[in-house]
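Chains as they are written, first to last, in this note's numbering: chain A, 112 to 333; chain B, 91 to 394.
No wet-lab data here; the hints were simulated from the structure.
One thing to keep in mind: the hints can contain errors.
To be verified - Distance windows between CB atoms, simulated:
#	chain 1	residue 1	chain 2	residue 2	range
1	A	Asp295	B	Glu378	35 to 41 Å
2	A	Ala154	B	Ser316	56 to 62 Å
3	B	Gly368	A	Ser235	42 to 48 Å
4	B	Pro209	A	Phe229	14 to 20 Å
5	A	Leu326	B	Glu106	56 to 62 Å
6	B	Gly368	A	Gly256	35 to 41 Å
7	A	Asn305	B	Glu378	37 to 43 Å
Every residue, glycine too, gets a C-beta built ideally from N, C-alpha and C.
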Amino acid sequence: MIVGEQKPIPEIMKTIEPYKKLLILGCGTCVKTCFAGGEDEVATLASALRLACKQQDKEIQIQEVTVERQCENEFIKEAANAVKENEAVLSLACGAGVQAIVRLFPKSPVLPGINTTFIGIQESHGVFIEECQGCGNCGLATFGGICPVTRCSKKLLNGPCGGSKDGKCEVSKDIDCAWQLIIDRLKTLGQLDNLKKYIPPKNWRTSISGGPRKLIREDHII
Amino acid sequence: MSQSISKLHQILSTGEFAVTSECGPPRGANKNVILKKAELLKGKVHAVNVTDNQTAIVRMSSISACIHLLNTGLEPVMQMVVRDRNRIALQSDILGAYSHGIRNILCLSGDHQTFGSQPDALNVFDIDSMNLIRTVKDMRDEGKDMSGFALDDPPRMFIGAAANPFADPFDYRVIRLGKKINAGADFIQTQCIYNIDRFKAWMHMAQEEGLTEKVYILGGVTPLKSAAMAKYMKNKVAGMDVPDALIQRMSSVPKEKASEEGINICIETIQQLREIKGVHGVHIMAIEWEEKVAEIVRGAGLIK
Ligand code: SF4
Numbered sequence: 112m113i114v115g116e117q118k119p120i121p122e123i124m125k126t127i128e129p130y131k132k133l134l135i136l137g138c139g140t141c142v143k144t145c146f147a148g149g150e151d152e153v154a155t156l157a158s159a160l161r162l163a164c165k166q167q168d169k170e171i172q173i174q175e176v177t178v179e180r181q182c183e184n185e186f187i188k189e190a191a192n193a194v195k196e197n198e199a200v201l202s203l204a205c206g207a208g209v210q211a212i213v214r215l216f217p218k219s220p221v222l223p224g225i226n227t228t229f230i231g232i233q234e235s236h237g238v239f240i241e242e243c244q245g246c247g248n249c250g251l252a253t254f255g256g257i258c259p260v261t262r263c264s265k266k267l268l269n270g271p272c273g274g275s276k277d278g279k280c281e282v283s284k285d286i287d288c289a290w291q292l293i294i295d296r297l298k299t300l301g302q303l304d305n306l307k308k309y310i311p312p313k314n315w316r317t318s319i320s321g322g323p324r325k326l327i328r329e330d331h332i333i
Numbered sequence: 091m092s093q094s095i096s097k098l099h100q101i102l103s104t105g106e107f108a109v110t111s112e113c114g115p116p117r118g119a120n121k122n123v124i125l126k127k128a129e130l131l132k133g134k135v136h137a138v139n140v141t142d143n144q145t146a147i148v149r150m151s152s153i154s155a156c157i158h159l160l161n162t163g164l165e166p167v168m169q170m171v172v173r174d175r176n177r178i179a180l181q182s183d184i185l186g187a188y189s190h191g192i193r194n195i196l197c198l199s200g201d202h203q204t205f206g207s208q209p210d211a212l213n214v215f216d217i218d219s220m221n222l223i224r225t226v227k228d229m230r231d232e233g234k235d236m237s238g239f240a241l242d243d244p245p246r247m248f249i250g251a252a253a254n255p256f257a258d259p260f261d262y263r264v265i266r267l268g269k270k271i272n273a274g275a276d277f278i279q280t281q282c283i284y285n286i287d288r289f290k291a292w293m294h295m296a297q298e299e300g301l302t303e304k305v306y307i308l309g310g311v312t313p314l315k316s317a318a319m320a321k322y323m324k325n326k327v328a329g330m331d332v333p334d335a336l337i338q339r340m341s342s343v344p345k346e347k348a349s350e351e352g353i354n355i356c357i358e359t360i361q362q363l364r365e366i367k368g369v370h371g372v373h374i375m376a377i378e379w380e381e382k383v384a385e386i387v388r389g390a391g392l393i394k
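All chains, please: the whole structure from these sequences, using the hints.
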């Protein structure tokens, strides 16, 4: 899923400053799962903002709507009336969701309410971890299914640096060393020979490095 | 490589026990800092590593500090990390370095920028240190850059890599050494050795794999200044292994004698290293303590 985290209230207060009628628009998919932008978070944020505005003697009307997926027009359209009735949209979707709203409603100011952090999973309840960078050229088969591009702090493809200690990364004791995980896993799979292979420089052209990406599926173009 | 590429290469290939040391460039543009360090090291060592923004702190560039050393007659080993430059910049700097007379390079990953003074920086890591080794080798042996373009006067560098026998996973450390040799490493400088038993175990494994025949290994040493430094190295420096017995030894002498004891330990370690088959030299890392290198070299009976 795409993991996000709500922005601090003072920062949101600053961005909504010019508006008196605000729509908080939640998304019921990824950001709901990571407790950042689903229906519940929309409601909590709306109360917090109403309170903060009251304390600052700022007049505001807040409407709350959550759609199933803010990155798909089909769902966004359900919020069309609400968008038009308000002066601005505070979107609790990921960056893609925010920009999908921008595309569909060119005249409405759309403000981000969350920081999109990464593509990841919930490792344990309330703990989210990054797993994929979307580099566009998946090499997981070589690395026992653990991504060094994402999970090694130095994106090393040919084995661990000299800082790996007791399974942890030199950057922080809170980060597992990806290479320890890869080696353990390759041992389990009986594929330790993979480690001896020289991995040539990565082709980053498929990543964001090659410029903003576009995927064209001819078979789906109508 | 029949012809020697550098003085360091020549020393190693004739079987002489090589001595290298280190010089950290200044946090400023003052070249006198380098010249002073050069004065302290001249005639004491065969070559001097110049660090590349070590611990991710901005310093005078390795390449320019190397040129200052060259001008004093010292032979530099240019350290190059893949943290700050992409493949285009790395190759370009290798060409430039060679054009100035730099003949040794040490290919490294580099400390993560979050350790440094500008943790907000974007890192690069376009290629890793293994790829860098291969790149320098291809430039030298094939005469081509990474795109396959035939270079006009290809750089011929004596290629070094680092090895840390003390990092985890231990069994993998020798595989990694083998990989670096296959990628093109001619010499290896190791992480500081305090745990000589573990180092011996690693050397033994390397020997069994036939690796010590294929590469020159220089054991790394760093003299301890105090018991506090020993503890700091053990607990705070990534990839360091300082046995408790050594910390005890440093603590057992009066404070004013501690640095002397540190030097003694360092000299003893070098003597032990000389006895280990496959160790071809020593790399003395006395950072901001360059004046002690001469004493260590003399004490260990290294260079007359
Ligand atoms: S310690 Fe492990 S995860 Fe961290 S940078 Fe080194 S190899 Fe990568």
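Subject >> List of violated hint numbers, smallest to largest >> reply: none
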